[in-house]
Amino acid sequence: MSDYKDYLARQVMLGKMNRREFLGRAAALGIAASTANTLFASSAAAQEPKRGGHLKLGLEGAAATDSRDPAKALSQFMFVVGRNWGDMLVESHPTTGEPVPALAESWEPSADAATWTFTIRKGVKFHDGKELTIDDVIKTLQRHTDEKSESGALGVMKSIKEIKADGDKLVLTLTEGNADLPLLLTDYHLIIQPNGGTDNPDAMIGTGPYKVASFEPGVRATFERNADDWRTDRGYVDSVELIAMNDATARIAALSSGQVHFINRVDPKTVNLLKKAPTVEILNTSGRGHYVFIMHCNTAPFDNNDLRMALKYAMDRETLVQRILGGYGKVGNDFPINDTYALFPEGIEQRAYDPDKAAFHYKKSGHSGPVLLRTSDVAFPGAVDAAVLYQASAKKAGIEIEVKREPGDGYWSNVWNVQPFSTSYWGGRPTQDQMYSTAYLSTADWNDTRFKRPDFDKILLEARSELDEAKRKDMYHTMAMMVRDEGGLILPMFNDFVNAAGKTVKGYVHDIGNDMSNGYVATRVWLDA
Amino acid sequence: MAGRLMMESGPITGPVVTDATAGETALRSPDLSGVPAKPNPAADELGGTFWRRFAFRRPLAALILQRLGLSVGLLFAVSLMIFGGIEALPGDFATTYLGQSATPQAVENIREDLGLDRPWSERYLSWLGGAVQGDFGTSWASRNSVSEQIGNRLGNSLFLAFFAALISVPLAVGLGMLAVQFRNRLPDKIINVISLAAISLPEFFIGYLLIMFFAVKWGVATFPATVYDSMGFTERLSAIALPVATLVLVVLAHMMRMTRAAILNVMSSAYVETAELKGLGTFRIIARHAAPNAVAPVINVIALNLAYLVVGVVVVEVVFVYPGMGQYMVDAVTVRDMPVVQACGLIFAAFYIFLNMAADILAILANPRLRHPR
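So the protein lines, in turn, are chains A and B. Add 6 to a position in the first sequence, counting from 1, and you land on the number used in our numbering. Going by our numbering, the residue at position 255 of the second sequence is 254; the numbering climbs one at a time, nothing skipped.
Hints are not guaranteed to be accurate.
Looking from chain B toward chain A, a few residues come up when the C-beta cut is under 7 Å (computed) [as the list claims (entries may be wrong)]: (1) Met80; (2) Ile81; (3) Pro103; (4) Val131; (5) Gly133; (6) Thr137; (7) Ala140; (8) Val215; (9) Pro223; (10) Tyr227; (11) Val314; (12) Val317.
Derived coverage of chain A by chain B (criterion: at least 3 residues anywhere in the stretch with Cβ under 8 Å from a Cβ of chain B; other residues may be distant) [to be verified]: (13) 110-123; (14) 246-259; (15) 511-520.
Taking lysine-lysine and the BS3-like style, the derived pairs with C-alpha atoms no more than 27 Å apart in a straight line are [as the list claims (entries may be wrong)]: (16) B:Lys216 x A:Lys281; (17) A:Lys336 x A:Lys170; (18) A:Lys410 x A:Lys363; (19) A:Lys275 x B:Lys216; (20) B:Lys188 x A:Lys282; (21) B:Lys216 x A:Lys509.
Derived by calculation from the structure, the hints in this document are not laboratory data. Positions of the beta carbon are idealized from the N, C-alpha and C atoms, including for glycine.
This is chain A alone, in the form it adopts within the complex:
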């Protein structure tokens, strides 16, 4: 019961629950009205952010090879570093996922969604005192769209044909209409830098709430508050320290001994132990990342849709969510979209474990003999265990799966996207269009299920430039059904982002966009000593 009370108090703090609703729920718990009133008042008071303090975060994912250049940022660690010192043109709303203004105040698409006009915010200063100009924005975008660049955003940006200024407005012309362009600009590589970062991409000078005080790749990064920040609703603590902690046990020890305030990547295997520590709070957020089993639709024996269906029905999703994710996740439905996306197609029946149906399709496929599944623990945490559980559930349907454990080193270049049946992981994308374009369009670089369907491609491209939301939703429904019933993707689960923090950390925003409050954790929380 006290768990639930904490939950209610938290909802109030986050501003998600009003007084009336809170009192109603509290009454249902048998809490006296006077106590509930006090509780509401204190929770609501806690909502008021406090300023000051030194925030320490122990994060997985740093390496000595990390680059200061945001274009080349790849690790979880550098993701948070970038969010601290830089801003993009557009941000995404933490709970709805819609684009919200950042350095771009507003935007306007043309009727075919192929030309977009952005108004750039005025009076914003870089950390070196220089004022942000439209020229900086243009240079930044040009740097990331250059064919020769090594930018991680190159794939996202290649649909931009022309970048120019129209007076003090930014005009982007695309090769084809794209209703999601503002969301593409939320990509974490696209930090606006002075002169586009062309002089010194490694300078780490931006417009973010924190200035970089020191940075040692793979070790530590420290930040001081930017007194000239153009926003007042962020950057509550005076200074931030990010410590690289790649060992899961080290992170847990550091958090439970109070040496850090926040850690990421809590192992599902230990999360229930950590939960018992009185000073610690588990912060899990539904996300778009998903763990997958990939079949190549064009390679025998997986070129047979009945075999693919048999393998889909042979997957016990509930068990995997419980055993592999420790319950911190949601079952998947064999298409790469969940309800955290805007325009999520509702009303699609949840596929469940069904040995009879699996056996039926298996028999119909005419396949016999074992099916070889390649896996490795680098594919996703617990991938080998998941493969073995899958082997057991498929056995009940009369399907023999042979699990081959591959070396983690070189898995991404030799097994994933090469071998016909393997385990893998996908991080989410800001939009459905981007998720499908990255992995399910016939010509996609990373079409790892070899799903090549001209009719699917056609709908995808039509939906991209469709500004009518209802029509778009319909199209996404059709696409989801195609991938679910004919594709090579078995998607048993969407994993939550599991982080943990000390109880003095307040105001954590559960952002569906990405892990660690979409990387903004240090800029959004405050310390309540």
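Here the structure of chain A is known, so what remains is to put chain B in place on it, guided by the hints.
Just chain B, lined up with the frame of chain A:
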């Protein structure tokens, strides 16, 4: 880690035999190399005789010179092996570095930029050219100077290793001598049991135990052990307390048991019996008569453990979040950052070679009979 595995699983007398023979081979080799089976008068006149005379008059200097030459040759061989090893690994830098978020275009750009399309022999030679002049090139991943980064990391590693050695070496030798003096009595047994227990536990487990008790439960020690530039000396010392303690526990037993075994070995010889008959006390016999003659194998084990403290502590670095060389090299191997891996490999090899050489020379200094081979 290979060295560490050998130490744990091999017989306790293993390293002594190996290293003693290595020392003797080195001593004998001037003769073998300088004098061909059939004397060549020309060679004798030019270099052979000179070298033989020099080797006879200054055996120590000749030995050191020879070992230095050998070391340089070894380092070249090591660099070639490291290069070949990484070439043989599956996956290359561009795809590994960009991982799942790579596009073929970005991969192509990186390959071209780094000259990965050139043949490996060409890349090896150009790298070697730089390394000979002390320039290890630029890290492919972070585009920073490798020499500069290594300077920092190596400093951290040496800092940790120095304090671990400072505590563990005297402690191990002292305990070993103590164990001999109380041979088969209670102190000897206690020392033995504790050291066996410490050597049987994997180092990450010792580390976790120390963290659990000293950092989490009692809150008396600093954790994590992250050190950085702006840190004061005392702060640094307090940060490394737990990793140093772990390392001491890990290497202590090996050196202690070797000291004990070597001294016991000498204790059965005739001159010790003479000393006993003269009526000298046990401790005096151990310290004055037995220990100096047992020093060669002990030095070899100490050298091995010192090398381990610098190059083999990856696990301890990871557990304690300590930014040393091991962590740096692992990060680089993961993304196939060749210049960094090669530089680390060479430096590690240099440490091993140098410490082994130092051990041989010290053993000879301690035992003059080894200076003039039969």
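For each hint, the structure was consulted:
no. : hint                : result
1   : Met80               : violated, 18 Å
2   : Ile81               : violated, 16 Å
3   : Pro103              : holds, 6 Å
4   : Val131              : violated, 24 Å
5   : Gly133              : violated, 20 Å
6   : Thr137              : violated, 12 Å
7   : Ala140              : holds, 3 Å
8   : Val215              : holds, 4 Å
9   : Pro223              : holds, 6 Å
10  : Tyr227              : holds, 5 Å
11  : Val314              : violated, 9 Å
12  : Val317              : holds, 5 Å
13  : 110-123             : violated (count 0)
14  : 246-259             : holds (count 8)
15  : 511-520             : violated (count 0)
16  : B:Lys216 x A:Lys281 : holds, 17 Å
17  : A:Lys336 x A:Lys170 : violated, 43 Å
18  : A:Lys410 x A:Lys363 : holds, 26 Å
19  : A:Lys275 x B:Lys216 : holds, 22 Å
20  : B:Lys188 x A:Lys282 : violated, 41 Å
21  : B:Lys216 x A:Lys509 : holds, 18 Å
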